[in-house]
Amino acid sequence: MLKRTRGQGLVAGTAGGVVMTLGEKIEQAVTGPDSHVPARVLQRLTGLPERPGTQPLPVNWAMHYGQAALLGVLRSVMAQAGLRGPLASAKFAVVRLTNDQILENATGVGAPPPTWPRKERVVDVLHKAVYAFTTGAVADTLPPAAAPAPGNATPPSAPAGGPYRTGDHVPRWWCRCRRTW
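In terms of my numbering, the sequence shown opens at residue 1 and continues consecutively.
Derived from the structure by calculation, the hints contain no laboratory data.
Ideal placement from N, C-alpha and C gives every residue a C-beta, glycine not left out.
Take these hints with a grain of salt, some might be off.
As the list claims (entries may be wrong) - The calculated lysine-lysine pairs, modelled on DSS-like cross-linking and capped at a C-alpha distance of 25 Å, are:
#, residue 1, residue 2
1, K3, K91
2, K119, K25
3, K119, K91
To be verified - Label-pair ranges, simulated between beta-carbon atoms:
#, residue 1, residue 2, range
4, P86, G47, 32 to 42 Å
5, L126, L87, 16 to 26 Å
6, R51, P113, 38 to 48 Å
7, G82, G47, 32 to 42 Å
8, Q28, K3, 30 to 40 Å
9, N105, G82, 27 to 37 Å
10, A111, A29, 36 to 46 Å
11, S35, V95, 13 to 23 Å
12, V122, P143, 31 to 41 Å
13, K3, G32, 17 to 27 Å
14, N99, E50, 16 to 26 Å
15, N105, I26, 24 to 34 Å
Could you put together the complete structure from these sequences and hints?
Next comes the structure, spelled out in structure tokens:
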């Protein structure tokens with residue numbers, strides 16, 4: 001299950017990164033130049049030499065898409081665990097924003113969002129929400145792994161196909177749940 005979840009998450013996260021980037025490019029055509037924060041964060045995390053001004057595009061993209069793909073694995077795990085739909089994607093948007101701020105602030109590249117102009121905060125939240133909901137839509141659409149959904153698994157000590165009664169070495173709550181099926 002983990003291998004499949006990982007692969008699906010990388011696909012979902014990359015798709016979210018592509019859609020977010022398209023939105024960013026449209027926004028940057030109106031508001032101004034490309035951000036080089038992802039490249040600076042990656043340079044500080046890996047010890048690569050930093051350059052002033054414009055950063056190399058491959059370094060910027062490596063961090064931008066790499067982070068998107070890796071976080072997609074978490075969203076895929078959420079989907080496999082039954083956390084699907086818009087509410088799960090909204091929760092995931094918070095994770096995406098938090099991840100960005102941890103990396104940017106821990107490396108000293110970024111500033112805390114409360115110090116940003118309001119318009120920049122709104123734009124950042126919007127882009128991360130686009131990423132999160134796109135990633136979520138893809139992760140939720142991909143077929144689930146072979147493992148049963150949470151709550152549908154047979155307890156390991158239960159007799160195969162047998163009736164579940166209190167005393168069958170299963171928790172009392174399991175017996176109540178099985179009666180409603």
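These are the hints, each one checked on the structure:
1. K3 x K91: holds (24 Å)
2. K119 x K25: Judged against 25 Å, a Cα distance of about 17 Å means the pair holds.
3. K119 x K91: Answer holds: K119 to K91 is near 22 Å, not above 25 Å.
4. P86 x G47: 32 to 42 Å: holds (40 Å)
5. L126 x L87: 16 to 26 Å: holds (18 Å)
6. R51 x P113: 38 to 48 Å: At 26 Å between Cβs, range violated.
7. G82 x G47: 32 to 42 Å: holds (40 Å)
8. Q28 x K3: 30 to 40 Å: Check passed, 37 Å falls within 30 to 40 Å.
9. N105 x G82: 27 to 37 Å: holds (33 Å)
10. A111 x A29: 36 to 46 Å: violated (25 Å)
11. S35 x V95: 13 to 23 Å: holds (20 Å)
12. V122 x P143: 31 to 41 Å: Hint holds: Cβ distance 36 Å, inside 31 to 41 Å.
13. K3 x G32: 17 to 27 Å: Violated, since K3 and G32 (Cβ atoms, about 42 Å apart) do not stay within the stated range.
14. N99 x E50: 16 to 26 Å: Taking Cβ atoms as reference, N99 and E50 lie about 21 Å apart, which means the hint holds.
15. N105 x I26: 24 to 34 Å: Since the Cβ atoms of N105 and I26 sit about 27 Å apart, the hinted range of 24 to 34 Å holds.
In summary, the numbered hints that this structure violates are 6, 10, 13.
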